[in-house]
Every structure is written in C-alpha cells, then in structure tokens.
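Asks: So the sequence lines, in the order shown, correspond to chains A and B. Each residue of the first sequence is one higher than the one before, starting from 0 at the first, in numbering that gives the first Met the number 0. Each residue of the second sequence is one higher than the one before, starting from 0 at the first, in numbering that gives the first Met the number 0.
Do not rely on the hints blindly, as some may be mistaken.
[Stated by the list, open to error] Once the Cα atoms are required to be at most 27 angstroms apart in a straight line, the calculated DSS-like pairs of lysine-lysine come out as:
1. B:Lys204 with B:Lys119
2. A:Lys298 with B:Lys120
3. A:Lys286 with B:Lys120
[Stated by the list, open to error] Over 10 angstroms on every C-beta distance to chain B, these chain A residues come out as not near it, computed from the model:
4. Ile61
5. Arg63
6. Asn186
7. Ile197
[Stated by the list, open to error] Stretch by stretch, here's where chain A covers chain B in the computed footprint (C-beta under 8 angstroms, at least three residues):
8. 27–36
9. 210–224
Note that these hints are calculated values from the structure, not bench results. C-beta atoms are modelled at their ideal positions from N, C-alpha and C, and glycine is treated no differently.
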Amino acid sequence: MRTRETKIIQSIAHVILILITFMIIMPFVLLFMSSITEENTLIRNGYSFFPEVISMESYAYIFREGAKIFRAYGVTILVTAIGTLLNTALSSTLAYGLSIKNLPFKRVVSFFVLFTMLFNGGLVPSYLMWTGTFEITNTIWALIVPNYMLSAMNVFLIRTYYVTSIPDALYEAAEIDGASTFGVFRNIVLPLGKPILITMGLFAGLGYWNDWTNGLYYLRGISGEKLYSIQNLLNRMISQIQFLSQNSSAASTISGEAAKVPATGVRMAIAFVAILPILCIYPFLQKYFQEGIAMGAVKG
Amino acid sequence: MSDVTMLNVHKKYKGSKLAALKRWGPVYIMMAPGLIYLFINNYIPMAGIVSAFKKIDFNLGIWGSPWIGLKNFKFLFATDDAFIITRNTLLYNLAFIFINMICGIFVAILITEIRNKVAKKIYQSMILVPFLMSMVILSYIVYAFFSGENGFINNTILPLFGNTEGISWYSEPKYWPFIIVIVNTWKGVGYGCLIYIATINGIDKSLYEAASLDGAGRLKQIRYILLPCLKGTVITLTLLSVGRIFYSDFGLFYQVTQNAGQLLRTTNVIDTYVYRALITSGSIGMSAAAGFYQSVVGFCLVLISNLIVRKIDADSALF
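Just chain B, with the same shape it has in the complex:
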C-alpha cells in the first residue's frame, strides 16, 4: 500500500518543473513572510555594516554617503574608550559565565535533591521569576536599594554600621562591578539552573543504584556521578557563552546604572558605547566603527566556539 502511494507521489510531483512548482510553490509562499522579515531585519543591516568605512550623512543614507576608509577606526582606537569598553565587556562576561555556572549548578543540585514534590516545585518556580522581569523594572528595584536620598541601604543598612552620611552610589564607579554582577546573577541564575536540572533529570537512575549498592552515600554520588554527567552541558553552555563574549545585555549596563555619566569607567561596554555615540553624542562614525568591531570579532568568536562545540557535542552546536 505504502509503496504504491510513494509511487503515486513520485509520479505526481517529480514529473516536471511545473509539477514541482505546484508542489513546493505554496510551501515557499508560506515561508516567504518569515524569510522576507529576516532579509529586511537582519540581512540589509549586515550589508549596512560598510557604514563603518563611510562618513555618514543622514540625508544621503548609508549608500549615498562618501567613503572615508579607516578614519572612523583611527578615531575610535585613538581614544581610551576602545580599550575601556573592550576590557569591561570581556571582564563582565567572564565573571557572568563563571558565576552563573557555579550558582546554576549549585542551585540545580539542591533543587533536584529535594524529595518533597510540592517544595521542589515551589523552589523551581521561584528561581525563574527574576528572569521574567525587564531591565527597566530591575533598574527600579536597584534604585530602591541604592538611591542616594531614599535608598534602603543608605537609610536603613548603613546607619546600623554607624554610617549616617550614606554613599552616593550612582556617582562612585568602584561599587558597580559588584552591583552589576549581583543583579545579573539574581536575574540569570534561574535560566541556567533549569538547563542543568534538565540534564540532571536525564541521568540514568541505575548509575545511582549501582553506586548505592557499592556503599556510596549521597554526597559521593553527587561527586562521582552527577558532576561528571554535567560536564558536557557545562562545556557546551560555556563555549556558547564565550561565543557571545563580545556582546552584552544593553539594559543591564544602560538601565540599571541609570545611564549615569560618572560610572562610565566601570560600566561602559561596547553595546552602551555604540548607543551613546549614535544617539547622545551624535558621533555616528565612531559608533559605526565600534559596531563593526563588535560584529566582526563577535562573528569569529561564535564560529570558533561552535566548531569546538560541534566536536564535543554535535547536537548542541548551532550549526
């Protein structure tokens, strides 16, 4: 029966080009809106990356503006900014990758150890709530804690330690690496945690039973069975994050710091620099150059990290 069907299908559609068009045309028409959207939203700006080599004039657009070679890059790399934004972007991302991994695994193990089903479900749900919040909301929450005049820390915590003056947090760059890392962990730990929980739940139960028969306690089982089983996920997630290490969450560095100028030394990253240069200071050439720098280095890093991921675990690689 099915052989006959296959034959019919074959006859019906592989017969001529017209038949193929009749068969696949409608499919491509259905896919067209999505493909056109990607072409406009993603591919045209990719071509527009040449703007980094042009003296952009808003009236002439990208294509009409004159070429100026590497001038934009010369200006960009002549400033301290290029170094500062690269350093900040890389260091923050390294801290995020490391801390989110440790915290994510730790919390995932704790949650999967819990035997009480109701409690387990509650913990698992709660941990994800911050992930659902926008960076604007986070900036309000951070403001409630750190505001110079009304903040909880200046009004309630510091007086306990005899500091009634308070600290004007939003003008002291030295505190922000800590604040930003804490905020990022608070928001991000649930996401990573759930991925690790999925891996832990996938571990073959018979491994634990065998270990238990051999007299291994729970801690030993975690140490010798669970952690080694997580290795693949850890490596894959880390490599994928390393591929994104030249990008950062614009909101985390723009909203949460409230775009405060005094903090730039420790809070300016490539994404915020590109935005400020484009919108605020109007130095569109520098902005385009920094954007180009980010796209190209970012692209290389994504390629390299993916090639490695593919070697280790082909299913997790993007391509």
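This is chain A alone, in the form it adopts within the complex:
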C-alpha cells in the first residue's frame, strides 16, 4: 500500500517536473530556432519552433559584418574579467578583517558595511556623483565601478565562511612563526577560502556579464556606443525597433538609421550568442551556483 503510494508520487513528480523543465527550455529553443530561420520565412510566419526554411545566414552575417558585435563581446569579456577580479579582491580582504576575532572597532566597521544593505540614496544622487564628481561618463570604468564592485551581503557570507572553516590554531601557528598580516592572508586565508571565493566570484562575474544598467546610465552618444557591452548593444537594438514601430512616420525620415537595425533573425542570433557562454559553463559550475544560492548569495 505504502510502496504503491510512493510509486504514484514518483510518477506524478516526474511528469510535473518534466513539464516544468520543458517550460524552462522552450523559450530558449524559440530564441534559437528564430535565429536560424530564413529571413523571409520569418517575416511571413513569425518566430516559430518549426521554421519552414532554415538558414544560417544570421550567424554568417554576424561573422561577416559584426565588427560592432565582436567589439561589444570584447567589452563584456574585459569588463567581466576586471570587475570580477576587483570585486573578489575587495570582498576577500574586507571579509578577512571582519573575520578576525579581536579586531578593534569591529562592531563599528561591521555596522558600516551592514548599513549599506538597509539604506541607499537612490539613483539621482549616485548619478549626479558618478557623472559630476567622478566624470566616468563614456569611460570603461562606467561599466565596472558603480554598484557592482562590492556587495555587502557577499562580504558577510565570505566572512562567515572564514570564521567557521579556518581553524584558529592556524592563525596562532602563523603568528608564532612571525608571519605578517598579508602573509597570513596569502598563505592561509586565500587557499582555505578558495571555495567561497570561487562561489562569490561567480556571482560577481554573472552580475557583470548580465549588467546593462551602468551602460544605460553612463554611456552617451557615439563615443559611448564604442563602449557598449553585448547587453547594451542588445538593449539599443530593441529600443530602436520600439522607436520605429511607434513612430511609423519617423521611420521614413530616418530610413538610413533604420537600415542599421539588424534584421529580425540576426537580433535573435546575437541574443543567443550572448547567452551561449553562460549555457556552456553552467553545467560545470552549477554546484557553486547552487551552494551560493543556498547561502544567500546575490548577483554583483
């Protein structure tokens, strides 16, 4: 009786989960199928799971004409690499200090970090500060520095990891050996904290790879366009489409501009190219992502 109930539950759970998996995959399939649909078929039948005529023209177009796209891809890779490195450096050192038991003024410093999670000044003062005081508009730093270089939540998660998984005896031994503070950090904290730093680094990297807000706020005009990340480029293309569809009269006057908007299929191809690296590395790193979420990690 009980085993029969178990069997029924197993089958039902499988059926529902397969359905859910299906619902998760389908949108990506539609994105991909759209990118390999022949352009005229696309215009006639719309985006579809089973295109009548398949064509790799969109991808060929990206390779042929895609200087802008490759550039944006390069910017994304550069920003993600530098940003992740800076983020990991800042959080691991700050967390190290906070993990030391008898650090003077520790409560004050902890509160200083914590308070940033409770209260924030909002977009207007940040915008005025970054554009006015620091003048980061249209520099590569605009994509790296604001907001994503440190997350207080992740600092606390790293600190907790240091406290719980690095034994005090190691610090004491190092102290007897006369190791410097930086020596202790490099030879004990970094190696032993590697799992948490990889996890938090991944979330920071994901934040940078996916970020389009900094580009939206701080990149302006033609010189800003040169620094577009792949997300900014996608964002720009879709807002151009929106602009054209809402201003059909404007479409005729700026036909030159309209011609620059890549055709329907190419857009989907670029979007697919943008998510491909994530889809490729995720299977190998999923353990870290899942553990990070169970701990409460946040992006960026």
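With chain A held as given, fit chain B onto it using these hints.
Replies: Same frame as chain A, now just chain B:
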C-alpha cells in the same frame, strides 16, 4: 604551550598604542579599499538624498544647488503618478512574494521526492537556468512570443483559436500584469526553490521514519512533517521580501516591457519612474523626490521586517 603563546601574544600586541597600530594597522590597510568603495558608492549618495529638497542644477552639483523645501514633493504627489507607481510597486511585489513562495515550495517538494539521483540533478540544474539570464535577454524572449508582427503567439497560437488579427500586446496595458508575473516566476522560481530544497534536506530523517512506523504515507509525511518544518524559512523569506517591497527589479519593468509608453498605467513602478524622470523627461526634482520617498519608506520597512525576523529566527536576520 598554548597558554604561553597567548601570554606572548598578549605581551607583544597589547603593550602600547604603537604596538596595537603595528598589529592592526596592516589589517585596516587591507580592508581600506573595500571600505573606501562603500563610502563612495553607498555613503556619499546617502548624503546626496537631500537633493530631493533642492532645485538641482547640473552645473552647481547637489551641494551648490539652492534649497526649495518640499516643492519637489508637492509636484510629485499632485500628479496621479505617485499613486500609480506606489500601487503598481506594492501589488506586483505582493503577487511575486505569494506566487514565488507557492511555486518554490511546490517544485522543491517535487524535486526532493525524486529518488532517481540523475533525474533529480537534472531537474535541479534546469530550474536555475532562467535565473542566470539578464533582463535584456528576457526582453528578447518575451518579444519573440509577443511581438505584434512576428510574435509566436500572434502568428501561431491565436490563429488556432480563429483570431487572425492578432493582438498588439505592446500597446495593451491590461495584459501586462499577467505577462510580468509569468516572466518573474519563470526567472525567479529556481532561486527560491533551491533555498527551500536546502531546508528540506536539513530535516531530521528520523522524523520521517517515526511517522512511517506510525503508518503515515508519504503524502501525510509531507503534510505533517515537511510543511511544518518549512514554516520558519517561509516566514523569514517572506518578511525579508516584504522589507524590499518598495523596490522592484528595474529591468523587469523597463526592459521586458520595452519601455513602451502605452503600458505605463500597469507597468510603471517607482524604479522606472525615477529613471524616466531623471533621464528621459529631465524632471530631476520629481525623480529625486520619488527616490527619497522610496529610500525612506523602504528603510522603515527593512527595519521593521528585520526586527520581526530577529524575534523569530535570529540567524536569518540581516542584523
């Protein structure tokens, strides 16, 4: 041995202020970059919140601009916008909290019930994939489904029901509460689900065994053991989300709706309003006032919800 070490350490570092500086100085130097970053990125803008009470002039900056008292707020609350953005922000967040909780728990239970290890791992991995996508990508996916001319729904689904005209989704506000909630669930369910799975895996197995000996089937075990054990996590997560109820995912409301003007009635939230007022319409005073309103009410809500969380489960509270 260790007593002697302690003594030495004590002698070495607690001796004088100079010794303390020598011991802790390097630690603070290491922490400095992070602390300076937080000071610039977070604390200066906090002070800049006074911009809501000023007539901001870009050339004079926040500090040089003249004070104008509550004028910005008077303008903001004189419009319908203040009501609409507050209503939308709150209602969407309530829907998200409720639906993500139900879906998250449901999927978490299903996944933890699965005995086949390989299948379980696959489900658990798949559910998180949408979380890894940016809102820009989501806006492309939504566009592939809902585009008026080329969308999958207008071209393939609606004709099945005899509607060949199609619906111009991006100019009909009434559909968007549903679309946005679906998109948010699709993206967010994996995140919550994994947190619930962690809690479920932490439940003491002997509870199930005892129940099983008493003749309780799997469903009854779920009802009387698993669900009650999730209560703490549910309450904590919900309260923490309630603390964030005045904030919303800017991308979800800006990108996924493609910033379409006709949809604002049902898609404008505080975050999108602040951005549009600042960048698009240039009414920086209103933007600053709305930002101030969000920060202050948001702060109170975070404080209150955290105080409650601390009473229930001190480990999960932010402070």
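Asks: All the hints need checking, so say for each whether the structure fits it.
Replies: Here is what the structure says about each hint:
{"no.": "1", "hint": "B:Lys204 with B:Lys119", "result": "holds (19 angstroms)"}
{"no.": "2", "hint": "A:Lys298 with B:Lys120", "result": "holds (23 angstroms)"}
{"no.": "3", "hint": "A:Lys286 with B:Lys120", "result": "holds (10 angstroms)"}
{"no.": "4", "hint": "Ile61", "result": "holds (15 angstroms)"}
{"no.": "5", "hint": "Arg63", "result": "holds (22 angstroms)"}
{"no.": "6", "hint": "Asn186", "result": "holds (14 angstroms)"}
{"no.": "7", "hint": "Ile197", "result": "holds (16 angstroms)"}
{"no.": "8", "hint": "27–36", "result": "holds (count 7)"}
{"no.": "9", "hint": "210–224", "result": "holds (count 4)"}
In summary, the structure agrees with every hint in the numbered list given earlier.
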